[in-house]
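Protein chains: 4
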Amino acid sequence: MVRLKFSIELHYEIDPPGSDFIFSIHAAKTRHQTVVSESLGISQNLLPNLSTDPYTHTRYLRLQAFAGPLTVRYDATVDISHHTAAPAQIGEVAVANLPGSVLPYIYPSRYCQSDRLHRLAVKEFGHLWQGYSRVQAIRDWVLNRVVFRSNSSTGNTSAVDTLVEEVGVCRDFAHLMIALCRAVNIPARFATGIDFGADPILGPTDFHAYVEVYLGERWYIFDPSGVAIPMGFVRFGTGRDAADTAFATIFGGVRGSAPLMQIEAIPDAKGTLVVPQHVPYALSTDGQWGA
Amino acid sequence: MVRLKFSIELHYEIDPPGSDFIFSIHAAKTRHQTVVSESLGISQNLLPNLSTDPYTHTRYLRLQAFAGPLTVRYDATVDISHHTAAPAQIGEVAVANLPGSVLPYIYPSRYCQSDRLHRLAVKEFGHLWQGYSRVQAIRDWVLNRVVFRSNSSTGNTSAVDTLVEEVGVCRDFAHLMIALCRAVNIPARFATGIDFGADPILGPTDFHAYVEVYLGERWYIFDPSGVAIPMGFVRFGTGRDAADTAFATIFGGVRGSAPLMQIEAIPDAKGTLVVPQHVPYALSTDGQWGA
Amino acid sequence: MVRLKFSIELHYEIDPPGSDFIFSIHAAKTRHQTVVSESLGISQNLLPNLSTDPYTHTRYLRLQAFAGPLTVRYDATVDISHHTAAPAQIGEVAVANLPGSVLPYIYPSRYCQSDRLHRLAVKEFGHLWQGYSRVQAIRDWVLNRVVFRSNSSTGNTSAVDTLVEEVGVCRDFAHLMIALCRAVNIPARFATGIDFGADPILGPTDFHAYVEVYLGERWYIFDPSGVAIPMGFVRFGTGRDAADTAFATIFGGVRGSAPLMQIEAIPDAKGTLVVPQHVPYALSTDGQWGA
Amino acid sequence: MVRLKFSIELHYEIDPPGSDFIFSIHAAKTRHQTVVSESLGISQNLLPNLSTDPYTHTRYLRLQAFAGPLTVRYDATVDISHHTAAPAQIGEVAVANLPGSVLPYIYPSRYCQSDRLHRLAVKEFGHLWQGYSRVQAIRDWVLNRVVFRSNSSTGNTSAVDTLVEEVGVCRDFAHLMIALCRAVNIPARFATGIDFGADPILGPTDFHAYVEVYLGERWYIFDPSGVAIPMGFVRFGTGRDAADTAFATIFGGVRGSAPLMQIEAIPDAKGTLVVPQHVPYALSTDGQWGA
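Chains as they are written, first to last, in the numbering used here: chain A, 10 to 300; chain B, 10 to 300; chain C, 10 to 300; chain D, 10 to 300.
It is worth saying that the hints were derived from the structure and are not from the lab.
Among these hints, one or two may not hold up.
Each computed BS3-like pair below joins lysine-lysine, with the alpha-carbon atoms no more than 25 Å apart [unchecked claim]:
#, chain 1, residue 1, chain 2, residue 2
1, D, K279, D, K14
2, A, K279, A, K14
3, A, K279, A, K38
4, B, K132, D, K132
5, D, K14, D, K38
6, A, K132, C, K132
Owing to the predicted nature of the structure, the values given are computational and were not obtained by experimental measurement.
Produce the complete structure using the sequences and hints provided.
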């Protein structure tokens, strides 16, 4: 079991007459991810609206903030007891047998135009054994093809752009991998968390985007950007792509500065310290059928 | 109450080794739409997998078909007892107060890039009263701007393309209206049905795409293409856009011919015949909060 | 020397009040391509405006046609005495040494977004010897990657689309090859002619689009679609891409039917018949420096 | 007559093994724009290759620079004696009557997809009198629709993007205006110079992009971004769009800093000082037929 302690601090300056926010910065509560403790601080006197998506477990915090400065701070300690499995024993699921709740993740979405990549994906990956190793091949293909460069993409950059221009940040790697998976009928979704273990050369700790793929009977974790350590991913939100799970969606005139974030592995209740590391087996923080 | 009787017949020729299908051709069962009778005929000896999305009520039929010819025929008689309301009394809902299940419909999606249309939408519609009439203004703007022309778009055509090129079919009108609604934070979704009442000059009866917008406490019907009669829409599927609710999504090598469809208004159980017509009030086939 | 005899017949129905046309259906007159005889027939009583671009030798026929039916027929017999060279002896030209008239062909154009393909092109072709064989490698890459399928693209389809979707017609193969050449600083242009020698399975004789690349001191012919025989290409127009050299650009409401075309190799003035065939050496119909 | 004195200083740090540059920073020499004096300074010991496009008069400076620092400085004094005309007397030219050298400017180009805007342009501008005032209407439409914001676009931003997103810099205003002109068959081209008279709030003196439109028998100046004073435009390059006339096109690994530029109106040879101002008549620096 991994115990991670982290904090996120967000600062905004809001124009009159105020602004609505939807944040996705709370740790999800899943069968394999437990929130040991958490606290939320808001600098304005607001009534937060916190709701949980029944299927994805994503927790959405909605605020109606006044004009002026706003600080939102979230602290949490989370225990992750991964479901693990041997890659060679994890197969794909035929479209006909997918749970209904998984179906939306085989369709194209805003940033993942899988419909346009069908021919390419079949040519590159259509002949491979239909299981975890095929998804790993897609992940490696993306990682080898795309160059990581900070600030190389915008909010409008999609999987097709990244395929063509071969440069991006973690969000773009994730979108391209998702689009390629869906193009060969493998359900894939966008997940957000923190980049535990990322090389400091990439800058201070930041939000991270990665991929979850539905295989066997649950969602498994993949990190196509290769910059972080999957075993250290605290899951916040999941969705069809970045449109659904931005850490902050803002409705109004607002200026923000870079988030301040920290994360560390700490000893668990028994005093055992497990530091996340790269492992050769498949990881999931979901229960069976996404429950 | 409106009683509609319709049939849909689909013909395919499937390449070896067979193909998976996901159909969305069943009438949805909602608080205001009742399926009086229905029957499904499949020419191959297959076990159909029929599931219902718990939130949208969309019914998905999945088939694993063999190579060779396949005919799917669906017949149904449906009663629609619309929820109606006076447009002047239907307001919008602030983002902070939207039901969690409605949130996905304010985000951009594959064919509805609302994120790119924010400035345009605010300029055109930002100053209007925030209610049904604003949505009607968006609908009229789309109808006035875009020209209906059969076969003028492809499966890759999106709201941005339609905005630029100003030509399309019902699907394209719907995508552009949805994108503009979301760009001013109004939840909007894509709905499919049959084009009851469409001008025969447009060809034989066909599938139709229209829009549902979340206002007050439920989803209301709009027809931005203006070619059909909303009171006669039998709802099949709803989703974020056409990616989610194609009448047939096909996984494999398949050739199809044009669907054969018929629809007519018939007398209800009491022998009363109500023929759908254009009405000056708002229509919904949903219960409160989408239930 | 190759002697080719061909005819092109175009039929239009023009809406009131008439329409302007720009045709590019005349054989270019170059140092290596001689027009032995030609005739132009126009069914309306019009004054044709025929001009020649001084650099590309493209001949533009402009007509101001009346409403009603219009038939344009062009017949010609052309001698082509190719400049030939051994591929291994043809090098690229450094940007600093390109003739000024060639410079426009290293910049991106409407359908050839070479600026977006720089990283991909450098990765795939940057390490190769800088000469004819590198261009041949680009041509082969495009041919291997893209599938030829009639009616698979539209007038809006660009090199980026073809790279992503991997399907197209000769125009699309040409655009992608041109974009990749320019992305590694090799001047490339779009050329039009007739598809001499194309497999009849692709339909009746039609216009063809191919590529000319500036190497050594002249423009060499490449056929990325692989469907025709370069030695049999009668050159009509050249330009930056299909935007410049459509066989017909139409300004007004017009309906047209498929062009009727025929081409055959015939004996030359000395009675010798040379039938175009695939050859292992480089071909050009241009003089030095494009003169 | 206006006499303008300006300087441009460019600094680069070039990676091994060196880099090719194509600059377009020399004042064009036209019938109405005379270079009184000019000087070019290059910090490396290089042989500059300066060529002039015979039709556009654009002067291209090509350098093959070594790795290390490079400074290029250009100083010039230029006399502009504008051709002026009354807008009401300037008509458009029918496609059939355009000089051959003007034809390329009615076709779409990399950043000006006029082919996609035909329907919109005809609807908005098709009914207007075909002359200078129609072009002015297009210019005003663009100016009213698009918001000027520094750093709001990238090198990939095109007229279609600017139409959709309604924000940009001078380059984007120019591209959209050009695309709309061409969409109604009016030849339009991209021109570059310095932003004489721009509001200092927009930052220090910088390169400027504007539009030239072919009307009557010559190219007239328009400034769709509205940030500068057309009478003060020293013309450097013209082309189909920004792809052709970047002030610097760089082939290799190079880092650059912001250009240092200055421009001022000075007394002419007779001691008369004319300061550029907004004027109610049409301006051109071209001779008849672009000569």
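We went through each hint and held it up to the structure:
Between K279(D) and K14(D), the direct Cα distance comes to roughly 16 Å. Compliance with the 25 Å bound is thereby established for this hinted pair. Between K279(A) and K14(A), the direct Cα distance comes to roughly 16 Å. Compliance with the 25 Å bound is thereby established for this hinted pair. For the given pair, K279(A) sits about 21 Å from K38(A) by alpha-carbon distance, which is consistent with the 25 Å threshold. Taken as a hint, the K132(B) and K132(D) pair is honoured in the structure, with Cα atoms around 20 Å apart against an allowance of 25 Å.
For the hint linking K14(D) to K38(D), the alpha-carbon distance of about 15 Å falls within 25 Å, and the restraint holds. Taken as a hint, the K132(A) and K132(C) pair is honoured in the structure, with Cα atoms around 20 Å apart against an allowance of 25 Å.
Of the hints listed earlier, there is not a single one the structure fails to meet.
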